[in-house]
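Visitor: If you want the building blocks of each chain, they are given just below.
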Amino acid sequence: AQSVAQPEDQVNVAEGNPLTVKCTYSVSGNPYLFWYVQYPNRGLQFLLKYITGDNLVKGSYGFEAEFNKSQTSFHLKKPSALVSDSALYFCAVSPFHGSGNTGKLIFGQGTTLQVKP
Amino acid sequence: SQTIHQWPATLVQPVGSPLSLECTVEGTSNPNLYWYRQAAGRGLQLLFYSVGIGQISSEVPQNLSASRPQDRQFILSSKKLLLSDSGFYLCALVAGGREQYFGPGTRLTVT
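Protein chains in written order, with the numbering used here: chain X, 1 to 117; chain Y, 118 to 228.
These aren't lab readings, by the way, just hints derived from the structure by calculation.
Pairs of lysine to any residue, SDA-like flavour, derived with a Cα cap of 20 Å:
{"hint": "1", "chain 1": "Y", "residue 1": "Lys196", "chain 2": "Y", "residue 2": "Ser182"}
{"hint": "2", "chain 1": "X", "residue 1": "Lys104", "chain 2": "Y", "residue 2": "Val168"}
{"hint": "3", "chain 1": "X", "residue 1": "Lys104", "chain 2": "Y", "residue 2": "Asp188"}
Extracted from the complex, chain X is given alone in its bound form (with noise of 0.2 Å):
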């Protein structure tokens, strides 16, 4: 069956210190993948995408993602974590492609990530 997997239900760091919020996938073909962030009682934001082309891809609010194909994960990344930036974090893929696409996406069960001062 196809699944996303997020090992940790959350993530602690300090302020300043690099953040890493894990995804693994499970899917046959090439998927597309994706991550998304909630804050307390609002929709999903849009992060950033993998399509194709560099396995690094940057995003919104200095997020990166590094997909790597042979461990099938795309690690969620962050220099340097602020305290805003806690909050839920969730990653997605798209194994539909092509004509009559419907652009579902499976979902991870989320990851909480917290930032101390």
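Given the structure of chain X, go ahead and fit chain Y onto it with the hints provided.
Guide: Then chain Y, alone, in the frame of chain X:
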């Protein structure tokens, strides 16, 4: 750029009452539209999606239904709410690109 509106923002309804949540979009045409439910601030459950007017696909059997009467309008309904219908309902769209964009959500509490 596209904008997604969801109405109402919050709703408290008794068990057995009907439900109608509305999602409208601006700044795009012929988008794919999606309804999700999020329970307890965690994972997202895809409920319905639509690739065009009158075209609805259901992902999970339940007492909810969806309709798309206009290109930019997506409605989630129920004839009789259950306690388990409580949650945060999110509307999303895909238009042109591959990523989904989400609305602000509706918080539904069934009492």
